[in-house]
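In the order they appear, the protein sequences are chains A and B.
Under the working numbering, residues 1 to 454 are what the first sequence spells out, in order.
Under the working numbering, residues 1 to 454 are what the second sequence spells out, in order.
Hints listed in this document are in silico derivations from the structure and should not be mistaken for laboratory results.
Fair warning: there could be bad hints in the mix.
Copies of the same chain look alike in the list, so a pair counts if it works inside one copy or between any two.
Said to hold, decoys possible - With a Cα cut of at most 25 Å, we get these calculated SDA-like pairs of lysine to any residue:
{"#": "1", "residue 1": "K5", "residue 2": "G375"}
{"#": "2", "residue 1": "K354", "residue 2": "G314"}
{"#": "3", "residue 1": "K5", "residue 2": "I431"}
{"#": "4", "residue 1": "K90", "residue 2": "Q125"}
{"#": "5", "residue 1": "K430", "residue 2": "P168"}
{"#": "6", "residue 1": "K406", "residue 2": "R84"}
{"#": "7", "residue 1": "K5", "residue 2": "D72"}
{"#": "8", "residue 1": "K247", "residue 2": "E215"}
{"#": "9", "residue 1": "K5", "residue 2": "I251"}
{"#": "10", "residue 1": "K124", "residue 2": "R4"}
{"#": "11", "residue 1": "K198", "residue 2": "T282"}
{"#": "12", "residue 1": "K198", "residue 2": "R4"}
{"#": "13", "residue 1": "K5", "residue 2": "E250"}
{"#": "14", "residue 1": "K247", "residue 2": "I13"}
{"#": "15", "residue 1": "K180", "residue 2": "H33"}
{"#": "16", "residue 1": "K430", "residue 2": "N165"}
{"#": "17", "residue 1": "K5", "residue 2": "R16"}
Bear in mind the structure is a predicted one, so any value in this text is a computation, not a measurement.
Protein chains: 2
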Amino acid sequence: MSERKITLSEKEIPERWYNIVADMPNKPRPPLHPGTKEPISPDMLAPLFPQALIEQEVTTEKWVGIPEEVRDFYSLWRPTPMFRAREFEKALGTNCRIYYKYEGVSPAGSHKPNTAIPQAYYNKQEGTKRITTETGAGQWGSALSFACHHFGLECEVYMVKISFNQKPYRKLLMNTWGAKVFASPSTETEAGRGILAKDPDSPGSLGIAISEAVERAAQRDDTKYALGSVLNHVLMHQTIIGLEAEKQMEIAGDLPDIVIAPFGGGSNFAGLTFPFLRHNLTEGKNIRCIAAEPASCPKLTRGVFRYDFGDTVGMTPLIPMFTLGHNFVPSPIHAGGLRYHGAGAIVSQLLHDKLIEAQSVPQLECFEAGVKFTGSEGILPAPEATHGIAIAAREARAADLAGTPKTILFNLCGHGYLDMAAYQSYFDGKIIDHELSAEEVQALIDQIDTPPVG
Amino acid sequence: MSERKITLSEKEIPERWYNIVADMPNKPRPPLHPGTKEPISPDMLAPLFPQALIEQEVTTEKWVGIPEEVRDFYSLWRPTPMFRAREFEKALGTNCRIYYKYEGVSPAGSHKPNTAIPQAYYNKQEGTKRITTETGAGQWGSALSFACHHFGLECEVYMVKISFNQKPYRKLLMNTWGAKVFASPSTETEAGRGILAKDPDSPGSLGIAISEAVERAAQRDDTKYALGSVLNHVLMHQTIIGLEAEKQMEIAGDLPDIVIAPFGGGSNFAGLTFPFLRHNLTEGKNIRCIAAEPASCPKLTRGVFRYDFGDTVGMTPLIPMFTLGHNFVPSPIHAGGLRYHGAGAIVSQLLHDKLIEAQSVPQLECFEAGVKFTGSEGILPAPEATHGIAIAAREARAADLAGTPKTILFNLCGHGYLDMAAYQSYFDGKIIDHELSAEEVQALIDQIDTPPVG
Numbered sequence: 001m002s003e004r005k006i007t008l009s010e011k012e013i014p015e016r017w018y019n020i021v022a023d024m025p026n027k028p029r030p031p032l033h034p035g036t037k038e039p040i041s042p043d044m045l046a047p048l049f050p051q052a053l054i055e056q057e058v059t060t061e062k063w064v065g066i067p068e069e070v071r072d073f074y075s076l077w078r079p080t081p082m083f084r085a086r087e088f089e090k091a092l093g094t095n096c097r098i099y100y101k102y103e104g105v106s107p108a109g110s111h112k113p114n115t116a117i118p119q120a121y122y123n124k125q126e127g128t129k130r131i132t133t134e135t136g137a138g139q140w141g142s143a144l145s146f147a148c149h150h151f152g153l154e155c156e157v158y159m160v161k162i163s164f165n166q167k168p169y170r171k172l173l174m175n176t177w178g179a180k181v182f183a184s185p186s187t188e189t190e191a192g193r194g195i196l197a198k199d200p201d202s203p204g205s206l207g208i209a210i211s212e213a214v215e216r217a218a219q220r221d222d223t224k225y226a227l228g229s230v231l232n233h234v235l236m237h238q239t240i241i242g243l244e245a246e247k248q249m250e251i252a253g254d255l256p257d258i259v260i261a262p263f264g265g266g267s268n269f270a271g272l273t274f275p276f277l278r279h280n281l282t283e284g285k286n287i288r289c290i291a292a293e294p295a296s297c298p299k300l301t302r303g304v305f306r307y308d309f310g311d312t313v314g315m316t317p318l319i320p321m322f323t324l325g326h327n328f329v330p331s332p333i334h335a336g337g338l339r340y341h342g343a344g345a346i347v348s349q350l351l352h353d354k355l356i357e358a359q360s361v362p363q364l365e366c367f368e369a370g371v372k373f374t375g376s377e378g379i380l381p382a383p384e385a386t387h388g389i390a391i392a393a394r395e396a397r398a399a400d401l402a403g404t405p406k407t408i409l410f411n412l413c414g415h416g417y418l419d420m421a422a423y424q425s426y427f428d429g430k431i432i433d434h435e436l437s438a439e440e441v442q443a444l445i446d447q448i449d450t451p452p453v454g
Numbered sequence: 001m002s003e004r005k006i007t008l009s010e011k012e013i014p015e016r017w018y019n020i021v022a023d024m025p026n027k028p029r030p031p032l033h034p035g036t037k038e039p040i041s042p043d044m045l046a047p048l049f050p051q052a053l054i055e056q057e058v059t060t061e062k063w064v065g066i067p068e069e070v071r072d073f074y075s076l077w078r079p080t081p082m083f084r085a086r087e088f089e090k091a092l093g094t095n096c097r098i099y100y101k102y103e104g105v106s107p108a109g110s111h112k113p114n115t116a117i118p119q120a121y122y123n124k125q126e127g128t129k130r131i132t133t134e135t136g137a138g139q140w141g142s143a144l145s146f147a148c149h150h151f152g153l154e155c156e157v158y159m160v161k162i163s164f165n166q167k168p169y170r171k172l173l174m175n176t177w178g179a180k181v182f183a184s185p186s187t188e189t190e191a192g193r194g195i196l197a198k199d200p201d202s203p204g205s206l207g208i209a210i211s212e213a214v215e216r217a218a219q220r221d222d223t224k225y226a227l228g229s230v231l232n233h234v235l236m237h238q239t240i241i242g243l244e245a246e247k248q249m250e251i252a253g254d255l256p257d258i259v260i261a262p263f264g265g266g267s268n269f270a271g272l273t274f275p276f277l278r279h280n281l282t283e284g285k286n287i288r289c290i291a292a293e294p295a296s297c298p299k300l301t302r303g304v305f306r307y308d309f310g311d312t313v314g315m316t317p318l319i320p321m322f323t324l325g326h327n328f329v330p331s332p333i334h335a336g337g338l339r340y341h342g343a344g345a346i347v348s349q350l351l352h353d354k355l356i357e358a359q360s361v362p363q364l365e366c367f368e369a370g371v372k373f374t375g376s377e378g379i380l381p382a383p384e385a386t387h388g389i390a391i392a393a394r395e396a397r398a399a400d401l402a403g404t405p406k407t408i409l410f411n412l413c414g415h416g417y418l419d420m421a422a423y424q425s426y427f428d429g430k431i432i433d434h435e436l437s438a439e440e441v442q443a444l445i446d447q448i449d450t451p452p453v454g
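If we strip away everything but chain A, and leave its shape as in the complex, we get (with noise of 0.2 Å):
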């Protein structure tokens, strides 16, 4: 029989990471500036990112470099390896072969660090001394606390209050690592102080995280700000799991028909998809690209493309994004990486372009196919990952259904061990589907004042 894991060696780690921009019929919009609304040049962001990562913002180099320290500090759990789920595919009865890359085995528990490591790295090459960052589930914030850590740098986490409470080993293992964690919206920022001030109970969003982290940020000048997903460097990053998931498919000697993972701001989804997505683009290729995101957050299916800003406040450079409205405040659901209001610009053009598919899918059919996957495969999957299993699992009836097996791959995110309050609640029956209304969506689109893209 033929193994269930197939894994690479140390040497294997790409050396360059992919960046889709290169290959993009239509390339991604430039941002545009909060207050003049016209494009920003790239050392306005100087007071927010160090050079090398700005540079690679806006970069149409179709490869660029990993530095080898920072293979270096990959390889502490990199290459990540790829599981042929024959478990899973039994439990499930398709006749489907489904695939996941597992990108759990890291020390934070996601796929996090693949961009914080660069980001810590390249910081700490410029003089950097502090990293503010926003945090939603607590993955990217344990993901660059850890990251900060290695490189000596202090780093401080505005992480969604809801998640903060509902997660308080996230913070404990943040805190392992040296982080400073508030809960947001806090009193540390005026951003903070105006939303608390509105509402003294609001659970907070990445939206008003990101608002609090950006503004410390740039209120010091040793001080800059890292973002876990959305921007164009950060999914270039993530590529590394695309990458290496292609050279898995070609040892397991099969190809995905079909590439799933969940969607938060694109970075997860990204990471995985993009290296299969540029045979589509560059050789006619046909793999479908699914992301995944919850239906209460559902800003790719039902969402507009319109320029948006990325955090609530508005601070940040407008961004050509899928969206909801960077007011929008998602229902509180588990799945906390999962509840940003917009979708980054790459992603967004792609999926305007047809390139992509989206489908959103409730909570509850997650839990349903998070349980199922942990009683075959053993492995808890984080809140997150679910998303991506319950679309891998709809695919895979609909092509029984079809008479026609497919080849399924998706990205098993990470996993579930400290996420345990959430199927807490599954068990209890205390997790409930919110499906916006026709009337909602309408609502929050009518309210959205940005400019629409060109």
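The hints should help you fit chain B onto chain A, whose structure is shown.
Then chain B, alone, in the frame of chain A:
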């Protein structure tokens, strides 16, 4: 630079377990009947264990074949990686080479599935419907729940009450795999009710939980019992760890001078060290094998070699063991998996014959080592695992001081993502070292009324 991770392919999963009894100069004495105090015959174990496991318990064959179904199930996560701990070496500033075998990649998060799976498998083969067991920290209970779920067996877990309360996520993980979990002492059993009548606030102990699980298995024909450590067949199943590590050290081109593992009942320790110890016993090699036990439960370093019960109530056979007496209830330290009054027969005989070593280590030293480890290597170790790390750090220091750097290998037996409450206590300054006084130890030993060994 050489690779950090030394990995093996699934084809290299060992095909046989190693039974050290074959190579021991003095074989372990037979267990005695709890009533008659006469040596028991294998068939007297039949109410509790399936025939195949009873045969493994008493076999003197050096190698025992691993069934293909078990190897296939192992392949969900085995072979486990071995790491060269380059970052931890740097953090210690040592000239020693340190390696660790990482068992936390299993779905249950520890080495325990290595024996849970064959135990569930043989039970299934012989028609068992339900397995009862005890669990301390919850690692063993999780592992057996996982294994039973796979083979379609029911699973009942008696979980030491203090861990039940400290580790709700562990309980939940067992529930996710379909197990029933009771806080022990419980009202489900005679044994539990008896303890509660005397001490309604009993925090429980492994000894008590064993009494309960054994009682519930003995009562029902379709129900057997499984133990997660101590017994010969359990230790043998775990040798898969050391057999893999042996191949991996060979690939690394290195040979350990010192092999270290945490010590609860002996399975973790035996698993890593016995395959190395075999070279001492059969080829005159001189690899030091060190058991790392908590200072608050020092049966190996301060206990006596006596026949004693495996449980608290006195239902199990009498086993020749290093013990602090079956009534000993260790202080509620966070490494719940190491809170056991005695050591298995094989390990006890080896220690008595000075073929292995033991060291005790206080909790604070363990957490300090654990935090240093996660700060350098990334992985957050289980509190049990920190005992091995602490002793590895001690031995590295000693070797550096002596000017003779050593090659050290230890068992990182599990991750701590479900044990974050313990780290919270540590950071909050609430971890207190409890070392038994000489008088306390003497008092414990004085009250042992079971027979001496031979």
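Up to 25 Å CA-CA - P168 versus K430, copy category: both (20 Å within a copy, 17 Å between copies)
Identical-chain pair category, K5 with E250, by Cα at 25 Å: For K5 and E250, the Cα distance is within 25 Å both inside one copy (13 Å) and across copies (22 Å).
25 Å Cα threshold - placement of E215 relative to K247: neither (42 Å within a copy, 53 Å between copies)
25 Å Cα threshold - placement of R4 relative to K198: Result: close neither inside a copy nor across copies, 53 Å intra and 52 Å inter.
Copy assignment of K354 with G314, given that the CA separation must stay at most 25 Å: Close neither inside one copy (29 Å) nor across copies (71 Å); limit 25 Å.
Identical-chain pair category, K180 with H33, by Cα at 25 Å: Neither. Shortest intra-copy (30 Å) and inter-copy (58 Å) distances fail the 25 Å Cα cut-off.
K5 and I251: within-copy, between-copy, both or neither at 25 Å Cα: both (11 Å within a copy, 20 Å between copies)
Within, between, both or neither: K406, R84 at alpha-carbon 25 Å: Answer is within; shortest intra-copy Cα gap is 13 Å, inter-copy 40 Å.
Status of I431 relative to K5 across identical chains (alpha carbons, at most 25 Å): Intra 33 Å, inter 40 Å, cutoff 25 Å: neither.
Intra- versus inter-subunit Cα pairing at 25 Å for K5 with G375: within (18 Å within a copy, 28 Å between copies)
Within, between, both or neither: K247, I13 at alpha-carbon 25 Å: Result: close both inside a copy and across copies, 10 Å intra and 23 Å inter.
Up to 25 Å CA-CA - R16 versus K5, copy category: both (24 Å within a copy, 21 Å between copies)
Violation of the numbered hints given earlier is confined to hints 2, 3, 8, 11, 12 and 15; the remaining hints are satisfied by the structure.
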